[in-house]
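Student: Here is what each chain is made of, one letter per residue.
There are 6 protein chains.
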Amino acid sequence: MPGEELRAAATSSPQLQPPPSPMDAAEDGGDEEAQVWDQIKAEAKRDAEAEPALASYLYSTILAHPSLERSLSFHLGNKLCSSTLLSTLLYDLFLDTFSNDPSLRSAAVADLIAARVRDPACVSFSHCLLNYKGFLACQAHRVAHKLWSQSRRALALALQSRVADVFAVDIHPAAKIGKAVLFDHATGVVVGETAVIGNNVSILHHVTLGGTGKFGGDRHPKIGDGVLIGAGATILGNVKIGEGAKIGAGSVVLIDVPPKTTAVGNPARLVGGKNKPRQHDEVPGESMDHTSFITEWSDYVI
Amino acid sequence: MPGEELRAAATSSPQLQPPPSPMDAAEDGGDEEAQVWDQIKAEAKRDAEAEPALASYLYSTILAHPSLERSLSFHLGNKLCSSTLLSTLLYDLFLDTFSNDPSLRSAAVADLIAARVRDPACVSFSHCLLNYKGFLACQAHRVAHKLWSQSRRALALALQSRVADVFAVDIHPAAKIGKAVLFDHATGVVVGETAVIGNNVSILHHVTLGGTGKFGGDRHPKIGDGVLIGAGATILGNVKIGEGAKIGAGSVVLIDVPPKTTAVGNPARLVGGKNKPRQHDEVPGESMDHTSFITEWSDYVI
Amino acid sequence: MPGEELRAAATSSPQLQPPPSPMDAAEDGGDEEAQVWDQIKAEAKRDAEAEPALASYLYSTILAHPSLERSLSFHLGNKLCSSTLLSTLLYDLFLDTFSNDPSLRSAAVADLIAARVRDPACVSFSHCLLNYKGFLACQAHRVAHKLWSQSRRALALALQSRVADVFAVDIHPAAKIGKAVLFDHATGVVVGETAVIGNNVSILHHVTLGGTGKFGGDRHPKIGDGVLIGAGATILGNVKIGEGAKIGAGSVVLIDVPPKTTAVGNPARLVGGKNKPRQHDEVPGESMDHTSFITEWSDYVI
Amino acid sequence: MPGEELRAAATSSPQLQPPPSPMDAAEDGGDEEAQVWDQIKAEAKRDAEAEPALASYLYSTILAHPSLERSLSFHLGNKLCSSTLLSTLLYDLFLDTFSNDPSLRSAAVADLIAARVRDPACVSFSHCLLNYKGFLACQAHRVAHKLWSQSRRALALALQSRVADVFAVDIHPAAKIGKAVLFDHATGVVVGETAVIGNNVSILHHVTLGGTGKFGGDRHPKIGDGVLIGAGATILGNVKIGEGAKIGAGSVVLIDVPPKTTAVGNPARLVGGKNKPRQHDEVPGESMDHTSFITEWSDYVI
Amino acid sequence: MPGEELRAAATSSPQLQPPPSPMDAAEDGGDEEAQVWDQIKAEAKRDAEAEPALASYLYSTILAHPSLERSLSFHLGNKLCSSTLLSTLLYDLFLDTFSNDPSLRSAAVADLIAARVRDPACVSFSHCLLNYKGFLACQAHRVAHKLWSQSRRALALALQSRVADVFAVDIHPAAKIGKAVLFDHATGVVVGETAVIGNNVSILHHVTLGGTGKFGGDRHPKIGDGVLIGAGATILGNVKIGEGAKIGAGSVVLIDVPPKTTAVGNPARLVGGKNKPRQHDEVPGESMDHTSFITEWSDYVI
Amino acid sequence: MPGEELRAAATSSPQLQPPPSPMDAAEDGGDEEAQVWDQIKAEAKRDAEAEPALASYLYSTILAHPSLERSLSFHLGNKLCSSTLLSTLLYDLFLDTFSNDPSLRSAAVADLIAARVRDPACVSFSHCLLNYKGFLACQAHRVAHKLWSQSRRALALALQSRVADVFAVDIHPAAKIGKAVLFDHATGVVVGETAVIGNNVSILHHVTLGGTGKFGGDRHPKIGDGVLIGAGATILGNVKIGEGAKIGAGSVVLIDVPPKTTAVGNPARLVGGKNKPRQHDEVPGESMDHTSFITEWSDYVI
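Chains as they are written, first to last, in full-length UniProt numbering: chain A, 1 to 302; chain B, 1 to 302; chain C, 1 to 302; chain D, 1 to 302; chain E, 1 to 302; chain F, 1 to 302.
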């Protein structure tokens with residue numbers, strides 16, 4: 001996302017420098033957060049002016065708020081509330097958690113940048129903040145995970161349930177998720193209790209990181225940094241998907257996948273063969289490069 | 001759906017001739033629309049009398065309205081509203097769009113007939129209008145697509161997001177969808193920005209028409225007229241699924257599929273082989289013929 | 001779930017004996033129901049005391065009610081209501097049906113026990129009652145099925161539609177489902193009109209029990225007792241999955257699967273070969289044993 | 001209200017005999033209740049047919065219910081619910097109370113007949129049931145009073161508060177109210193803790209039956225049978241308004257008023273003089289005779 | 001309200017000529033309406049910019065709408081809706097009625113101007129449109145009256161009931177109300193079935209125009225043009241309050257009041273005496289002159 | 001309210017000393033606030049245990065909150081929200097204002113104590129906090145007044161309007177109200193823009209502090225400390241009601257009332273005569289002594 005594009009997207013906003021890569025962004029926290037929040041407000045202001053029918057929504061959800069954490073807490077509270085879990089209660093809960101833990105805020109910012117950089121359909125930060133159920137589910141999960149780590153488990157599980165109902169995204173609150181993670185489309189994603197997802201990962205819809213039976217313990221996949229998991233892939237058991245690996249759409253993965261290799265098929269096999277799998281140089285979770293992937297696949301299939 | 005069946009389904013309604021095929025139906029517009037709307041009201045009236053617990057719902061959603069477009073706008077407004085996007089605003093938006101574009105109304109009628117003809121579980125037009133999330137998501141998409149084409153993009157994207165939340169159907173507003181299209185069950189369907197879907201297509205749940213990377217441009221599948229796509233199929237990239245082709249359930253398709261052929265498997269291959277694929281005569285999107293398909297598949301597997 | 005675990009989970013409750021297996025449980029009805037209800041109240045009381053933010057929800061949904069059927073009816077009424085199908089109407093409908101049919105109540109209890117015993121992430125009965133969309137969708141289906149069997153079809157279909165919207169679980173009201181059934185995660189499950197599911201079955205998310213075409217009649221799978229169906233499996237047509245069979249995640253099954261055998265892959269094949277498939281001794285639907293399954297699979301793949 | 005009028009009002013209903021006077025009606029309970037309920041349903045059915053825009057409301061509130069107590073409980077539950085006192089909870093509470101105490105039901109029926117007979121603007125029983133805030137506030141009070149008498153005081157006070165918010169009618173749950181009571185228009189009525197209201201009383205809007213200070217004990221008015229209290233009258237302290245007395249609009253009454261006499265003015269005095277007040281023969285609470293009253297008043301004023 | 005004041009109130013709006021008197025305004029319809037609507041939008045835009053917390057409300061209620069009738073219909077629909085009378089239904093009803101009857105729109109505009117001119121606390125047109133329950137109740141009444149005149153009585157009475165619940169203003173739909181009427185504060189106003197209110201009338205809160213008994217027929221007050229009725233006044237029976245008369249606060253009026261005279265007290269008497277009442281020159285309903293009134297009163301009292 | 005009574009009312013709470021008089025209470029701020037909040041929680045806990053049907057309400061509104069200001073903000077937010085003014089927005093607004101202005105909190109505490117001490121029907125602090133519309137309207141007014149003083153007038157007027165709709169209490173945000181004020185029953189109270197209400201005042205329902213015409217400026221009553229205003233009294237114009245004065249129910253007051261005197265009647269006159277009005281020693285706003293008042297009145301009348 002070069003600077004020109006950003007400027008084109010929100011002409012009325014102060015000019016921004018091209019954003020650093022999402023993971024860097026997460027490091028210097030507050031500045032990045034302020035910059036993105038300014039951009040979001042500029043986008044919302046532009047859209048509210050152009051589209052009166054949407055202005056009320058944009059004001060209530062973004063423009064009425066003094067900070068990203070308030071806007072996000074309001075939006076999540078409204079999305080996830082029910083007749084028995086009131087929006088004010090959820091708003092309070094989200095706001096308290098986001099306010100007290102800057103790492104959750106910087107992770108949210110990194111996720112926003114990740115979506116904006118990696119997804120060509122993501123036309124603006126505000127588009128992601130308002131409309132991406134994967135983004136919203138992930139932020140709600142971060143709060144649920146925080147509650148879980150504070151032994152507030154019943155509340156964490158209630159949040160998980162609301163996210164599963166509203167977004168059809170089912171992430172156990174104990175699961176650990178890194179920064180700059182993109183859940184694209186997100187419908188049907190299931191992530192189990194002992195799963196771990198690294199930084200800079202991109203996961204498409206209908207992906208399962210599932211367990212292997214009725215006994216507890218460490219039983220879910222570990223996803224390394226920079227991994228890309230295609231739509232509908234099912235990864236089961238305490239397997240390790242190495243850094244920068246790529247998992248093909250529709251794959252069923254029951255094996256470890258080495259770093260920077262590609263696994264495809266049902267059951268999944270390594271492209272290039274088990275003993276000497278082909279390696280790539282890119283970071284698939286960032287590059288989202290499906291094109292070469294298709295070639296590889298074709299090679300593999302023939 | 002022979003005439004007897006229709007008459008049996010709604011004995012209190014004026015006798016209807018057997019409906020023409022959905023695509024013909026779409027041509028002569030108003031008459032077809034009036035006929036289907038009369039049928040819907042007759043069905044709703046019969047059900048309201050038989051089931052007092054449902055009568056309020058049937059009156060508010062169907063019987064209180066003077067036209068299909070009002071009923072549909074009301075129903076979509078109620079389904080898709082949220083605490084920050086009020087039902088009256090959405091109702092207004094849907095009603096304006098349906099009122100001003102007869103092609104959207106005839107497409108809705110063609111979709112209703114398609115569901116009634118092709119899905120044996122679809123017992124009446126009103127059943128589809130009230131209960132089929134695929135039907136409702138598709139009509140909301142048509143409105144979002146119209147808004148997109150008018151450069152009202154923020155509003156179009158907000159609609160897409162509501163449909164994705166409420167129906168778990170995620171169709172980019174830029175995607176082009178023909179008439180007489182059946183999204184059966186529909187949960188988990190994802191259709192990307194540059195995808196095109198022809199007329200008389202039937203698409204089962206969990207189907208993805210996805211992109212191939214982080215760069216924009218034309219990057220999603222083109223689905224020809226009369227295609228049938230089985231449950232859970234994933235089609236990726238700017239590939240062409242020819243007219244009357246059939247895609248097996250659970251397939252992962254990364255290749256062009258010639259007209260009237262069948263692709264199955266993960267990765268998908270053509271039944272009969274790449275060089276001389278077997279051809280069928282029927283229109284799978286209309287015939288929904290999975291039976292012979294099973295035979296073909298078995299042949300292929302063995 | 002040994003007795004110690006139960007006691008640990010709810011220290012303030014009267015000590016319970018280790019529960020019998022779910023199916024036995026279903027036999028002696030009332031006692032089991034009372035025991036589980038006592039346990040649920042004890043869990044909710046403990047959680048309400050520990051977590052004031054959740055207390056209101058726990059009181060309104062569990063602790064304010066004198067019986068499981070009232071709590072469940074209230075919870076389903078609130079979850080499934082809409083602006084045109086009011087919570088009071090649904091509450092009345094659920095309560096009447098659960099009150100008049102003890103078999104629905106004992107099935108709900110057996111389902112609760114099944115989740116508690118088989119799913120290591122299910123930390124308490126109340127967690128399942130409150131948060132498991134698969135459990136809630138299944139109980140709503142039982143009521144819809146009852147209505148269907150009383151020829152109250154329009155109402156049954158309206159319920160199906162609400163469940164499909166709210167939980168992304170789409171079960172035709174005519175489908176027959178046994179007791180002690182676990183729908184784990186449940187998002188995206190589709191079960192067709194003539195499908196039959198036996199007792200002690202466990203079904204993961206994204207599973208389809210689908211039909212084969214546009215003609216009515218008996219066209220959906222029959223799932224025997226004790227079957228385990230992995231995530232994303234698609235079973236199509238009037239095929240028979242024998243007692244105690246196991247279906248691998250992501251499989252596409254178009255064939256009969258003999259009792260106590262395993263089918264995997266797309267298209268699915270029997271582990272050990274078509275003619276002499278390997279047989280296991282366990283009841284997969286109860287044991288949830290994915291571990292050995294992975295081994296089998298690896299064997300098969302190589 | 002002669003029989004012809006009743007028949008004219010609801011031609012599709014079975015012919016009713018002219019209703020006995022409200023108080024007699026209250027005696028033979030069930031029959032009267034069934035007869036009035038049949039009439040209400042006939043009226044609602046007629047209105048639903050004539051006015052599709054109202055049909056949904058009439059079905060959900062009246063026609064979907066098998067009995068008056070269910071319809072009334074549903075209606076009160078919906079009117080009085082809030083985001084923290086859910087409609088299902090209130091519905092349950094009203095239904096339980098009305099079901100278990102036939103005297104509350106016969107009082108409601110007597111109140112309906114009283115409104116129908118005494119108020120020329122009351123065109124039907126269903127009009128009163130649906131629209132008269134005085135009627136609805138009174139029925140909710142009867143339930144609150146029952147709860148109060150069972151020492152469920154916090155719940156009774158919460159109900160009082162909801163009625164005060166929603167209908168602007170503030171009746172302390174300890175106040176005792178007879179049968180066949182008409183609160184006409186009702187806005188602003190305040191009735192204190194130790195007030196007693198007899199049978200066949202008619203009370204207009206803005207009427208206060210208030211106390212006299214900050215000490216507890218018996219400190220509110222006692223209103224005899226058949227009394228009529230005009231709009232805006234304020235009666236303060238433990239005074240006795242005798243049977244069949246009439247209180248002029250806008251009066252401020254701090255004295256006992258003997259039976260069948262009239263008090264008017266601020267401060268109120270007896271028409272005819274303190275020592276030999278004029279007496280009337282009618283029952284003002286039933287006859288609602290303001291005409292002669294005007295004459296009396298004029299006499300008095302001059 | 002001189003032009004300067006108007007301009008001061010909304011500096012960003014195009015300069016308006018000082019409005020003609022409300023009744024003149026009502027004559028030339030469309031222009032006045034457009035001018036006031038422009039002013040309302042300018043005010044709302046100014047307030048939305050100054051107060052982000054209110055912007056969402058101002059956009060949804062005013063700025064998202066292309067015309068006053070849509071804004072008003074939306075606002076009334078949201079204010080008056082309930083769980084059984086949906087906002088979309090009411091919106092439709094209001095919009096249809098306002099669209100088809102220009103006299104209702106010009107009456108609304110005249111009422112807005114009346115409030116702005118006569119009430120020093122009315123700081124802007126938008127303040128009245130958004131916040132004056134008397135204004136809103138009156139517009140809803142105009143629609144109910146229209147329905148009543150079309151024999152849609154059940155619907156008219158349902159509207160009356162909603163207005164009585166929500167605004168505590170109870171106006172029978174048959175009552176006739178002129179233009180440029182100000183209901184100030186409005187709580188507790190009751191207007192009976194055969195009452196008539198002229199043009200340029202101002203009525204304070206707690207005012208009753210009531211009937212005289214249980215028999216039908218013409219039994220409520222007739223209020224002439226330009227009348228001012230003080231807070232808490234009760235006028236009973238088919239009496240005539242002459243043009244330009246003034247009724248003191250708290251008065252109880254049972255007699256005809258000649259034009260341009262003043263009635264005060266309980267029971268009310270004419271200032272200056274029955275035979276030669278003092279006459280004033282102003283139009284009290286427009287001048288709202290309570291000051292001289294106090295002097296007169298004092299004279300009268302002494 | 002002696003200490004024993006307090007202890008009897010909430011046996012499970014820590015023992016409290018008898019509260020000082022409300023005005024003293026307001027002085028030492030935080031301690032008083034903490035003490036009253038502890039008492040409220042103890043009462044709510046006791047009621048929640050005794051009444052499961054109310055527990056959810058008591059937890060969501062009181063027990064889930066760490067402070068009185070949060071509980072009050074939540075309660076007001078839920079009471080006053082609408083479909084276009086969301087509860088989260090109002091909650092935020094109330095919480096910010098109460099948090100930043102301790103004088104608003106101590107005024108609320110003083111009002112709670114005033115209700116508890118003066119109103120024999122006020123059985124507990126929590127009863128007042130939850131159920132007294134006068135208390136709630138007054139606290140919302142304090143926030144609106146704060147906003148008004150910050151020139152956030154549009155928002156202040158929107159709040160006034162919500163309070164007028166929901167509680168039928170219409171207080172202009174510019175009006176100044178002291179501490180330890182009791183609005184008893186409160187329905188129909190109207191307080192104008194330039195009105196001032198002192199400390200320790202008690203005001204019954206239907207009381208108007210109104211203006212005198214269409215011109216701005218200082219035009220509403222000034223109510224001194226310790227005044228008691230009876231139900232339905234109307235006080236008009238910039239008159240001065242002296243400290244400790246008493247205004248009879250139903251009075252219409254257009255004159256200054258000297259300190260510690262009583263005005264009654266329509267038009268109101270001073271008890272004892274204009275030139276040498278009788279004086280009392282008590283503070284009527286605190287003593288609420290209507291008993292001697294009746295005697296005075298009787299004397300006066302005769």
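Among the hints, erroneous ones may be present.
Note that identical chains are pooled: a pair holds if it fits in a single copy or bridges any two copies.
[Said to hold, decoys possible] Straight line, CA to CA, 20 Å or less: simulated DMTMM-like cross-link-like pairs of lysine to aspartate or glutamate:
| hint | residue 1 | residue 2 |
| --- | --- | --- |
| 1 | LYS214 | ASP225 |
| 2 | LYS240 | GLU49 |
| 3 | LYS214 | ASP96 |
| 4 | LYS176 | ASP256 |
| 5 | LYS176 | ASP38 |
| 6 | LYS276 | ASP165 |
| 7 | LYS45 | ASP101 |
| 8 | LYS214 | ASP281 |
| 9 | LYS276 | ASP31 |
| 10 | LYS222 | ASP31 |
| 11 | LYS146 | GLU51 |
None of these hints come from the bench; they were simulated from the model.
Student: All hints are to be evaluated individually against the structure, with a verdict given for each.
Tutor: Results of checking the hints against the structure:
no. : hint            : in the structure
1   : LYS214 / ASP225 : between (29 Å within a copy, 18 Å between copies)
2   : LYS240 / GLU49  : neither (49 Å within a copy, 40 Å between copies)
3   : LYS214 / ASP96  : neither (36 Å within a copy, 35 Å between copies)
4   : LYS176 / ASP256 : within (19 Å within a copy, 39 Å between copies)
5   : LYS176 / ASP38  : neither (29 Å within a copy, 34 Å between copies)
6   : LYS276 / ASP165 : neither (43 Å within a copy, 43 Å between copies)
7   : LYS45 / ASP101  : neither (28 Å within a copy, 30 Å between copies)
8   : LYS214 / ASP281 : between (39 Å within a copy, 17 Å between copies)
9   : LYS276 / ASP31  : neither (45 Å within a copy, 60 Å between copies)
10  : LYS222 / ASP31  : neither (31 Å within a copy, 43 Å between copies)
11  : LYS146 / GLU51  : between (38 Å within a copy, 15 Å between copies)
Against the hints set out earlier in the document, violations occur for numbers 2, 3, 5, 6, 7, 9 and 10.
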